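Those sequence lines, one after another, are chains A and B. Residue numbers are given in this note's numbering: position 332 of the first sequence equals residue 364, and the series is strictly consecutive. Residue numbers are given in this note's numbering: position 113 of the second sequence equals residue 145, and the series is strictly consecutive.
The reader is advised that the hints may include incorrect statements.
Just so you know, same-sequence chains aren't split out, so a pair can sit in one copy or run between any two.
[What the hints assert, rightly or not] With a cut-off of at most 16 Å between alpha-carbon atoms, the simulated EDC-like pairs for lysine to aspartate or glutamate come out as follows:
1) Lys398 - Glu418
2) Lys155 - Glu174
3) Lys226 - Glu276
4) Lys252 - Glu276
5) Lys155 - Asp175
6) Lys50 - Asp77
7) Lys350 - Asp365
8) Lys159 - Glu174
9) Lys309 - Asp335
These aren't lab readings, by the way, just hints derived from the structure by calculation. All values reported here derive from a predicted model rather than from experimental measurement.
The chain contents come next:
Number of protein chains: 2
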Amino acid sequence: MALVVQKFGGSSVADPAKLKNAAQRAVDEFKAGNNVVVVVSAMGDKTDEFIDLASQLHADPAPREMDMLMAVGEQMSIALMAIAIHSLGYDAISLTGAQAGVYTDNVSSKAKIKQIDTQRLHKELEKGQIVIVAGFQGVDAEDNITTLGRGGSDTTAIALSAALNADRCDIFTDVDGIYTTDPRLVANAQRIEKIDYDEMLELASLGARVMQSRSVEIAKRFSVPFRVRPSGNNSEGTLVTNTEELEQVDVRGVALEENEAKITIRDVPDTPGAAAKIFNAIAKAHVNVDVIVQNVSAEGITDLSFTVLQNDLSAAQKALNPVIENLGCGKLDIDENVAKISIVGVGMKNHTGVAEAMFRALADNKVNIGMISTSEIRISIVIEAEQGKTALQAVHEAFGLHNAR
Amino acid sequence: MALVVQKFGGSSVADPAKLKNAAQRAVDEFKAGNNVVVVVSAMGDKTDEFIDLASQLHADPAPREMDMLMAVGEQMSIALMAIAIHSLGYDAISLTGAQAGVYTDNVSSKAKIKQIDTQRLHKELEKGQIVIVAGFQGVDAEDNITTLGRGGSDTTAIALSAALNADRCDIFTDVDGIYTTDPRLVANAQRIEKIDYDEMLELASLGARVMQSRSVEIAKRFSVPFRVRPSGNNSEGTLVTNTEELEQVDVRGVALEENEAKITIRDVPDTPGAAAKIFNAIAKAHVNVDVIVQNVSAEGITDLSFTVLQNDLSAAQKALNPVIENLGCGKLDIDENVAKISIVGVGMKNHTGVAEAMFRALADNKVNIGMISTSEIRISIVIEAEQGKTALQAVHEAFGLHNAR
Chain A
33 MALVVQKFGG
43 SSVADPAKLK
53 NAAQRAVDEF
63 KAGNNVVVVV
73 SAMGDKTDEF
83 IDLASQLHAD
93 PAPREMDMLM
103 AVGEQMSIAL
113 MAIAIHSLGY
123 DAISLTGAQA
133 GVYTDNVSSK
143 AKIKQIDTQR
153 LHKELEKGQI
163 VIVAGFQGVD
173 AEDNITTLGR
183 GGSDTTAIAL
193 SAALNADRCD
203 IFTDVDGIYT
213 TDPRLVANAQ
223 RIEKIDYDEM
233 LELASLGARV
243 MQSRSVEIAK
253 RFSVPFRVRP
263 SGNNSEGTLV
273 TNTEELEQVD
283 VRGVALEENE
293 AKITIRDVPD
303 TPGAAAKIFN
313 AIAKAHVNVD
323 VIVQNVSAEG
333 ITDLSFTVLQ
343 NDLSAAQKAL
353 NPVIENLGCG
363 KLDIDENVAK
373 ISIVGVGMKN
383 HTGVAEAMFR
393 ALADNKVNIG
403 MISTSEIRIS
413 IVIEAEQGKT
423 ALQAVHEAFG
433 LHNAR
Chain B
33 MALVVQKFGG
43 SSVADPAKLK
53 NAAQRAVDEF
63 KAGNNVVVVV
73 SAMGDKTDEF
83 IDLASQLHAD
93 PAPREMDMLM
103 AVGEQMSIAL
113 MAIAIHSLGY
123 DAISLTGAQA
133 GVYTDNVSSK
143 AKIKQIDTQR
153 LHKELEKGQI
163 VIVAGFQGVD
173 AEDNITTLGR
183 GGSDTTAIAL
193 SAALNADRCD
203 IFTDVDGIYT
213 TDPRLVANAQ
223 RIEKIDYDEM
233 LELASLGARV
243 MQSRSVEIAK
253 RFSVPFRVRP
263 SGNNSEGTLV
273 TNTEELEQVD
283 VRGVALEENE
293 AKITIRDVPD
303 TPGAAAKIFN
313 AIAKAHVNVD
323 VIVQNVSAEG
333 ITDLSFTVLQ
343 NDLSAAQKAL
353 NPVIENLGCG
363 KLDIDENVAK
373 ISIVGVGMKN
383 HTGVAEAMFR
393 ALADNKVNIG
403 MISTSEIRIS
413 IVIEAEQGKT
423 ALQAVHEAFG
433 LHNAR
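Pulled out of the complex, with its shape left as it was, chain A reads as follows:
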């Protein structure tokens, strides 16, 4: 008898009709002869309702009490999901995070799961129950309710899958799966059938916000394969798993990030600590820096370029002005409108020529390369924003992703 874990996000349980739809999916798995554990998030807008209520009482409510309040959202969902499954004529029991044995550290509102005591879960599964577990929540060693932070219900589902040694874990979402690139920008973007954990992490960091990185990292650490699939239709979605399970390709997906700006500081003295001072000032202004490039220095000075989000540009400039004066740098060159195109694939580790193929595709389309940054499984190139879409389509085609499966 296989064990299947299903996770339904807030939009998949937002109202009674959607709850019934999710309940039917759980029952279908059960009828197919599987043990079924269902993890649910809070219904659609509940979270906002709670935050609004708390904010009317306190500008900065205590995290422990916010956890107590927020945990209510999932508790509602599990009870209603159990009732919905009962209405289909099947047995189901709801369990809070604490009842399901999800033990966390005591860091309110961003707790980490330390351990899962599966005793109760096994007991209920053995009774033939479909077991509904509240996502996003757990309990610390002193019996306080904790929550896991953003994407917490995914984390619960993955962690339960690991603890129960589940045969399958389905993360139901409102998207069809992971795509080779954004289908709104490239019409022939393809749904990816299987993707490696690391590729998923890189694409997530590039804006494919289907899941928080943390859940994927846990899945990778415990080798839990999981499927990102739509709750609204029967698509198989995308399986996220180990490299060994995958067909090797050089490039799995391409991502475009627009709304970036490029800052170049001219004539930075090439002395130890100069870069540290610059980026320390920017960090203090809470500005995230993305791609950083420093050329080889000539005659004791160098040019330093990096990108930030357009929204952060003025904050970054303000933070930089005193530092560059203090260091005796040259002027700031600002390009307010750049984009970043990235290719991701574990296959590129072992293949030469991937970067060249990307450069050639860009050159053939007259796209000028502004900056280059690489990791082991990613190559990112900063280009002019207005060429973003052209570049994305060219690169997507160059690596044959319109034929990808």
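Got chain A; can you put chain B on it based on the hints?
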């Protein structure tokens, strides 16, 4: 250092403004040097919202899952109450029923408290926390969330007061306290300063629905004095306590119940089992019978009279017809419009003449007595409905209740 338990009902925490008001009351007790435990109900209309959601999924949702769902209401309130107290600059921590150690039996939706483990409560009080406990809920021996049924938050407050040996228990409501009679019917009705548990129980059963009987019974069993007081002003309300603490009076309060109907069955054969058959038929129709009077029988037959709620009259008649035919009784006399006036007071146990004083007051006002029924601390008289208000005022005055304190 004294320990004070405060309980706030749903209307006292219905919105952020009311929550703040309740929080201020808790802080005031704390500032006065007391340990404070606050028990709260679900916010105003939350309960209805949950029932509505569940009913969209199932005509008869499972009690265990309804408990899981309903417990959410109080969990919201405790978190928000803690946050409201923080905003006043004081320490507070919220605890669910389970965290507060409220152990119940496993009868979902009307669980009974078996035991309270006060360890966590004492620990938090010792830290100087105002401790907020979710009313209405507990946990059974197998870690399932249970709820205590109607009036459950009062029960939690009384039971916690007993377990913690509290010095005081204040039940905050939207009424000013217990009155000698309904102030809407008798303008000079007086707030009762102190009342005996049994008097409170009798008045509650007569329609003074400030509290459910069960909470009062628990308070009596464990000798927990408690105060019913308004959350909206500083009235001391009414202290409910042991007889020994009270000034002895013959009559503590008078109650009028309207909307009753009287049924008389003529010529009932005076044989064993006749009454049982009659009232069995009525019980099967889910009709509650109130006052029952049977006269001494003459020549093997008797007349049997009793009252029911007007709403139940036709159901009662339908249930009776086959039985009276079967028993060979005479016809049914129906009086569709009667009222019941009752006087309540533990003092009447030891005093003669209380009944006579009541009869005289009614006779002086030309009120005809239809039926009489007595308990040790109560005398109830059924009269014509149209004379109800006159009778109530006369009896209230006759026992000097307009001067009561």
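Each hint, compared with the structure:
no. : hint            : in the structure
1   : Lys398 - Glu418 : within (12 Å within a copy, 98 Å between copies)
2   : Lys155 - Glu174 : between (24 Å within a copy, 12 Å between copies)
3   : Lys226 - Glu276 : within (11 Å within a copy, 79 Å between copies)
4   : Lys252 - Glu276 : within (13 Å within a copy, 71 Å between copies)
5   : Lys155 - Asp175 : between (21 Å within a copy, 13 Å between copies)
6   : Lys50 - Asp77   : within (14 Å within a copy, 24 Å between copies)
7   : Lys350 - Asp365 : within (14 Å within a copy, 94 Å between copies)
8   : Lys159 - Glu174 : between (30 Å within a copy, 15 Å between copies)
9   : Lys309 - Asp335 : within (15 Å within a copy, 103 Å between copies)
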